[in-house]
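> What follows is the residue order along each chain.
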Amino acid sequence: MTAVESSTKVVLGGTRGGPDVATLRQDRWWIQPVITVAVLTAFVIYSTWAAFQNRYYYVGADVHRDLISPFYSPCLASNCVPGAKAGFAFSGWTLSPALLILIFPLGFRLTCYYYRRSYYRAFWWSPPSCAVSDAHGSYSGETRFPLIMQNLHRYFFYAGLAFNVLLTYDAIIAFRQPGLGLGVTVGTLVLLTNAVLLWLYSISCHACRHLCGGHVKSFKAHPIRYRIWKFLTPLNAIHMNFAWASLVFVALTDVYVRLVASGALTDYKLF
Amino acid sequence: MADVTMRIWRGDSSGGDFENYTLAQNEGEVVLDVIHRIQATEAPDLACRWNCKAGKCGSCAAEVNGKPRLMCMTRMEDLPEGPVTVTPMKTFPIIRDLVTDVSFNYAMAEKVPALLPPPMPEGGYRMFQEDVERGQEFRKCIECFMCQDVCHVIRDHEDNKQHYAGPRFFIRYAELEMHPLDQNDRRELVREEMGLGYCNITKCCTEVCPEHIHITDNAIIPLKERVVDANYDPVAWLGRKIRRRTKRTPAEAAVQPAP
Chain A
23 MTAVESSTKV VLGGTRGGPD VATLRQDRWW IQPVITVAVL TAFVIYSTWA AFQNRYYYVG
83 ADVHRDLISP FYSPCLASNC VPGAKAGFAF SGWTLSPALL ILIFPLGFRL TCYYYRRSYY
143 RAFWWSPPSC AVSDAHGSYS GETRFPLIMQ NLHRYFFYAG LAFNVLLTYD AIIAFRQPGL
203 GLGVTVGTLV LLTNAVLLWL YSISCHACRH LCGGHVKSFK AHPIRYRIWK FLTPLNAIHM
263 NFAWASLVFV ALTDVYVRLV ASGALTDYKL F
Chain V
377 MADVTMRIWR GDSSGGDFEN YTLAQNEGEV VLDVIHRIQA TEAPDLACRW NCKAGKCGSC
437 AAEVNGKPRL MCMTRMEDLP EGPVTVTPMK TFPIIRDLVT DVSFNYAMAE KVPALLPPPM
497 PEGGYRMFQE DVERGQEFRK CIECFMCQDV CHVIRDHEDN KQHYAGPRFF IRYAELEMHP
557 LDQNDRRELV REEMGLGYCN ITKCCTEVCP EHIHITDNAI IPLKERVVDA NYDPVAWLGR
617 KIRRRTKRTP AEAAVQPAP
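Keeping their order, the protein sequence lines are chains A and V.
Letter by letter, the first sequence follows residues 23 to 293 in the working numbering.
Letter by letter, the second sequence follows residues 377 to 635 in the working numbering.
Isolated chain A (complex conformation):
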């Protein structure tokens, strides 16, 4: 379908009012990009370091626990430590098992509409903040490669759901303490909180909201989809909160498991 022919012509290049400066804003607009850069850079540095460590990612039966870091679950390499292995393993993989799987959660966050807003502003300065000039002479947005690949977001969402199921499974079996029976430790609560936050981040995603009900033309004709859409809409409104909370907590979960696995910390049993 083509646009309606317009009798009003778009005239380009008229003189614009105001001074030729990047911005006239007087508030501290730069704080938000600085915080975003600081948190995302810290996360990328930590997660890269953790992914290449290839140790201290599993707390096993020797200390009556079954805790695995989310960075290494599912552990799909044949060189995974005993007890951490998933049912299927790539034989001959000699690098860190985390490198096999991290592309999926990373891709989900990288193509997420909220994170796109954040890193386009903070890292790419396109624009750094509202009514502040962007840092590029020309601009093609997400119309060309590689940024047109952002349209694959829903596939990373599907993959993210599979990871959520696995991490939820990890959290549930963490209540089973080998040799002691069922119990609750700080570690089980950490894994459970991590799984809950990841679910909230996933189901509040814009792609989820669209796929579950947003794509229909008539809500009246699709009452179940409408109910799901209506449930997801308020969650979607605070997607940003879930994005940051789940990002920080997944790193903290890895820190906790790492400290317990290395012996630096004891995983206290609550009851």
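Hints are computed from structural coordinates only; laboratory data are not their basis.
The hints are all genuine.
Below, simulated DSS-like cross-link-like pairs (lysine-lysine); rule was C-alpha separation at most 25 Å, straight line:
#1 LYS252/A <-> LYS239/A
#2 LYS516/V <-> LYS487/V
#3 LYS239/A <-> LYS617/V
#4 LYS429/V <-> LYS516/V
#5 LYS516/V <-> LYS242/A
#6 LYS487/V <-> LYS239/A
#7 LYS432/V <-> LYS516/V
#8 LYS487/V <-> LYS31/A
#9 LYS239/A <-> LYS516/V
#10 LYS252/A <-> LYS242/A
#11 LYS252/A <-> LYS516/V
Dock chain V against chain A, hints included.
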């Protein structure tokens, strides 16, 4: 109350500069009140658009301290201490002082294909409340064009005006796409000709909207997802093939006058 200094852009298409006006600040005033007092006392030739003084006509949009604002809804006491800078909207060509030529938006408005409902059934068209509410948010738009002004796609890149409708019209496209009676398929149009892909969802349009329309979350992103359905999702493509549902051809979806 203390005096306030207003730094106001004065000029036209041949150029301009700031002029300072210092005057007493009265309690409860908005920026537009002060502009009117300057017109009445010091600069009768100061040009600005205004109409309702109630935040409902969108005429008095300008940039106050560098941010797009409705002058009639910006209270002086909410602004930080010091001179208050008032400039015309940056994205559009200046006519004079605080008045800009916003005809770019009228050109884009004319390009929007109209609603195409099916033939009138017996008893008339019926639309249910759930579907009415969804589009109602977009009908709150007062066309102040501050979202267009703040959008960096055209604010910082004049050449993009040729192929970018902008947030105000993306909410119009979204409203029509979500309309249960509409039979047009505008997804290819918004992708190819209206530049939906240029939007990198930095949400500035949502931040400045005086009607608090969730432009990005409820209009632009759903439109982007619909474009993904049509163009970038092989599973959706396969589903359409299996269920023998096809996108409407351009001929089928041709613009027709509303009954």
